[in-house]
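**Student:** For the protein sequence lines, the chains are A and B, in the order given.
Residues in the first sequence are numbered from 20 upward in steps of one, following my numbering.
Residues in the second sequence are numbered from 477 upward in steps of one, following my numbering.
These are calculated hints, taken from the structure and not from any lab test.
Positions of the beta carbon are idealized from the N, C-alpha and C atoms, including for glycine.
There may be inaccurate statements among the hints.
[Claimed, not checked] The list that follows gives simulated cross-link-like pairs (lysine to any residue, SDA-like), each with its CA atoms no further than 20 angstroms apart:
no.: 1; chain 1: A; residue 1: Lys118; chain 2: B; residue 2: Glu656
no.: 2; chain 1: B; residue 1: Lys652; chain 2: A; residue 2: Leu116
no.: 3; chain 1: B; residue 1: Lys859; chain 2: B; residue 2: Leu877
[Unchecked claim] Here's a subset of chain A near chain B, in silico, CB distances under 8 angstroms, partners left out:
no.: 4; residue: Gly37
no.: 5; residue: Tyr39
no.: 6; residue: Ile47
no.: 7; residue: Leu48
no.: 8; residue: Ile49
no.: 9; residue: Tyr72
no.: 10; residue: Glu91
no.: 11; residue: Val94
no.: 12; residue: Gly95
no.: 13; residue: Leu98
no.: 14; residue: Leu99
no.: 15; residue: Cys101
no.: 16; residue: Val102
no.: 17; residue: Thr112
no.: 18; residue: Leu116
no.: 19; residue: Leu117
[As the list claims (entries may be wrong)] Pulled from the structure, derived: some chain B residues nowhere near chain A, Cβ distances all over 10 angstroms:
no.: 20; residue: Leu496
no.: 21; residue: Ser530
no.: 22; residue: Phe552
no.: 23; residue: Asp606
no.: 24; residue: Ala660
no.: 25; residue: Ala661
no.: 26; residue: Asn695
no.: 27; residue: Ala696
no.: 28; residue: Gly709
no.: 29; residue: Gln733
no.: 30; residue: Trp770
no.: 31; residue: Arg905
no.: 32; residue: Leu973
no.: 33; residue: Gly976
no.: 34; residue: Gln980
no.: 35; residue: Glu988
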Amino acid sequence: MFNPTNCLILSILLFAIGAYGVIAKRNILIMLMSVEIMLNAANLAFLTFARLYNDPTAHVFVLMNMAVAAAEVAVGLALLICVFRHKKSVDSTKLNLLKW
Amino acid sequence: MNGFDFASIMAISPEIALLLTAIAVITADICIGKAGRKCCTAGAACKPEETASSTEISSIVMPFICMTGIAISWYFMYNLWNLHAVNGAKYFSNAIVVDKFGLIAGFVVTVAAFLTALSSTGYAKRMKIDFGEYYGLIMLASAGMMFLIKGNNLIMLFLGIELTSLSVYALTAISKHREESTEAAMKYFILGAFSSAILLFGMAFMYGATGSIEFGQMNAVPTNRFLYFIGIGMMLLGLAFKIGAVPFHMWAPDAYQAAPSAISSFMAVGVKTASFAALLRLLFTSLIHTSHMWYQVPWMLAVLTVLLGNLTAISQTNIKRMLAYSSIAHTGYILIGVTACMGVGYSTGLTAPMSSILFYLAVYALMNIGAFAITMHLGREDKDFDEISGYAGLAHKKPLLALAMAIFMFSLAGIPPMGGFMAKFYIFRSAIQNGYIWLAIIGIIGSIISVYYYLRIVVLMYMKPAQTEEQFESDQSQWGLHFTLFATAAGLLILGLLPGDFVQYAIVAVKELL
Numbered sequence: 020m021f022n023p024t025n026c027l028i029l030s031i032l033l034f035a036i037g038a039y040g041v042i043a044k045r046n047i048l049i050m051l052m053s054v055e056i057m058l059n060a061a062n063l064a065f066l067t068f069a070r071l072y073n074d075p076t077a078h079v080f081v082l083m084n085m086a087v088a089a090a091e092v093a094v095g096l097a098l099l100i101c102v103f104r105h106k107k108s109v110d111s112t113k114l115n116l117l118k119w
Numbered sequence: 477m478n479g480f481d482f483a484s485i486m487a488i489s490p491e492i493a494l495l496l497t498a499i500a501v502i503t504a505d506i507c508i509g510k511a512g513r514k515c516c517t518a519g520a521a522c523k524p525e526e527t528a529s530s531t532e533i534s535s536i537v538m539p540f541i542c543m544t545g546i547a548i549s550w551y552f553m554y555n556l557w558n559l560h561a562v563n564g565a566k567y568f569s570n571a572i573v574v575d576k577f578g579l580i581a582g583f584v585v586t587v588a589a590f591l592t593a594l595s596s597t598g599y600a601k602r603m604k605i606d607f608g609e610y611y612g613l614i615m616l617a618s619a620g621m622m623f624l625i626k627g628n629n630l631i632m633l634f635l636g637i638e639l640t641s642l643s644v645y646a647l648t649a650i651s652k653h654r655e656e657s658t659e660a661a662m663k664y665f666i667l668g669a670f671s672s673a674i675l676l677f678g679m680a681f682m683y684g685a686t687g688s689i690e691f692g693q694m695n696a697v698p699t700n701r702f703l704y705f706i707g708i709g710m711m712l713l714g715l716a717f718k719i720g721a722v723p724f725h726m727w728a729p730d731a732y733q734a735a736p737s738a739i740s741s742f743m744a745v746g747v748k749t750a751s752f753a754a755l756l757r758l759l760f761t762s763l764i765h766t767s768h769m770w771y772q773v774p775w776m777l778a779v780l781t782v783l784l785g786n787l788t789a790i791s792q793t794n795i796k797r798m799l800a801y802s803s804i805a806h807t808g809y810i811l812i813g814v815t816a817c818m819g820v821g822y823s824t825g826l827t828a829p830m831s832s833i834l835f836y837l838a839v840y841a842l843m844n845i846g847a848f849a850i851t852m853h854l855g856r857e858d859k860d861f862d863e864i865s866g867y868a869g870l871a872h873k874k875p876l877l878a879l880a881m882a883i884f885m886f887s888l889a890g891i892p893p894m895g896g897f898m899a900k901f902y903i904f905r906s907a908i909q910n911g912y913i914w915l916a917i918i919g920i921i922g923s924i925i926s927v928y929y930y931l932r933i934v935v936l937m938y939m940k941p942a943q944t945e946e947q948f949e950s951d952q953s954q955w956g957l958h959f960t961l962f963a964t965a966a967g968l969l970i971l972g973l974l975p976g977d978f979v980q981y982a983i984v985a986v987k988e989l990l
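My request is simple: use the sequences and hints to build the entire structure.
**Tutor:** Structure, rendered in structure tokens:
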């Protein structure tokens, strides 16, 4: 049985979990993973509506998003390696060289 | 038009030119640039002179390839300008729209990329930046901005934003041996990816509320208000981050300060122009009909951005950080123009504010690139000349350079006869015409505050003695920077004294969008 309300609630929950992870966690790796969860929450919402409207456009959008998410994580991990070489840490509170 | 016919390919020919240039640059880097480095790692066969000459060659060849590619894309844009532009022809299943609005904004972006490449000729070598990645990413970012400007549905909007942002994150960290660069890039990336996810979630809800992702089709009366307003709110939040509006501006000062100056100005100008163009297109094709219900949101954003940007800029001691806060303030002025479009009758009151936003973006591009070019010009070794106190006495040692800096500062402050004055004048006038008197007053208060921190630099340059004898001697080849400074300063004077022509083009372009 397809119930759009449940799917939407699940996607909002996933989004909230991801947002909590980015805001509250101090480990940059976990923040990156949380961003991925947020992107996938959006994908789930897209697919729910696509199913609801019987419209293939959003499926295309979701495929594009997956590619974007992969590219984003590649750049993010590369930056993280750069940061790690300097700081020897993946703790976001150590990013304190620049302020105000 | 749905197929991949010749006209469709021509519609994205400027972007294709930019992408091919990116590939050409990376290939050239493999052929000439890396040869020197490989020879060094191999050890025995290495001759220092060979490495040096290889770097010398690629430091000239690479920006030259970029500038050629951009010139080719200008040719294609000129063709499109003459061919089209009757009400915006759409291609690729309505994913791409070609109209004069997009072509003008795209021209501003590519001019920024051109000047960045030109001014990096000596600069990239001095900063010990790897040329291939640097110029390749600049080209990729400009292609992303062009797609962002031309996009006519949410997919293109999101892909354009991501292509631009991912390139710019990497460019921020391009001098990866500097700790603060990597740190700023990491912060920028986390916040950027976070806001992209919010933007995407907003798009999903927007699609849910209106049943379409195409710009022209989303203006049906929303069936579900809850979904609709969550969608609009989250999309505005994501875009507000990209343009650097308060309270989503915290990445900007860090990124602008820590990135090489050439990249800071490219970031400030290119990303802002492209995001504002996309925001305007989104607003005026899809969202304007409900704007009387939520125009308070951009109103608040504009007020906060103008005031906070200007007030924080006062206390800065680093000129790049000051320019970052000033660019936040300028985002605020443009947001005043965006707000002025809302709540008024469709298409009657929109021409003036929207054309003045286009004009503002063009002027802003010139003055910002110029001001950052000065910090590149005076820098030594792998640093930019970014201490404000260091500018004391510049006018006595380098009068022409100080004159150029004074022109940029006067223009940023909005003092006639510079372009910055006319740009602000148009924006505030359109706000008053459309009944946003208070918004205009707050904007004027903001620019009065800004006069203090811009003119402080002029006072330092002209009225204080220099600290040491040779602090203004730089050690790089300067012809690219000289040309950039001359072009931007001259452009500002021309736009300030004779703004009519550009404004006419902007009005024609905007009328077509509406």
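**Student:** Would you check the hint for Lys652 of chain B and Leu116 of chain A, treating anything up to 20 angstroms between C-alpha atoms as holding?
**Tutor:** The hint holds at about 15 angstroms.
**Student:** Say whether it holds or is violated: Asp606 of chain B keeps its Cβ farther than 10 angstroms from all Cβ of chain A.
**Tutor:** 13 angstroms, holds
**Student:** Closer than 8 angstroms between Cβ atoms is the bar; does Leu98 of chain A clear it against chain B? Give me holds or violated.
**Tutor:** 5 angstroms, holds
**Student:** Less than 8 angstroms between beta-carbons is the criterion; does Thr112 of chain A satisfy it with respect to chain B?
**Tutor:** 12 angstroms, violated
**Student:** Beyond 10 angstroms from every Cβ of chain A: is that where the Cβ of Gln733 of chain B lies?
**Tutor:** Nearest chain A Cβ is 6 angstroms from Gln733 of chain B, so the label is violated.
**Student:** Hold the hint about Val94 of chain A up to the distance rule: shortest CB distance to chain B must be less than 8 angstroms.
**Tutor:** OK, holds: Val94 of chain A within 8 angstroms of chain B, min 5 angstroms.
**Student:** Once the shortest beta carbon distance from Tyr72 of chain A to chain B is found, is it less than 8 angstroms?
**Tutor:** 5 angstroms, holds
**Student:** Can we trust that Leu973 of chain B is non-interface, i.e. its beta-carbon lies farther than 10 angstroms from all of chain A?
**Tutor:** The claim holds: Leu973 of chain B sits with its nearest Cβ about 38 angstroms from chain A, beyond 10 angstroms.
**Student:** Please verify that the nearest CB of chain A lies beyond 10 angstroms from Glu988 of chain B's CB.
**Tutor:** Holds, because the least Cβ-Cβ distance between Glu988 of chain B and chain A comes to about 26 angstroms, which exceeds 10 angstroms.
**Student:** Far enough from chain A: is every CB of that chain over 10 angstroms from the CB of Ser530 of chain B?
**Tutor:** Check passes; 25 angstroms lies beyond 10 angstroms.
**Student:** Find the nearest Cβ of chain A to the Cβ of Gly709 of chain B and say whether that gap is larger than 10 angstroms.
**Tutor:** 14 angstroms, holds
**Student:** Is Ala696 of chain B truly not at the interface, in the sense that its beta carbon sits beyond 10 angstroms from all beta carbons of chain A?
**Tutor:** 13 angstroms, holds
This entry does not satisfy hints 5, 7, 8, 17, 24, 25 and 29, going by the numbered hints stated previously.
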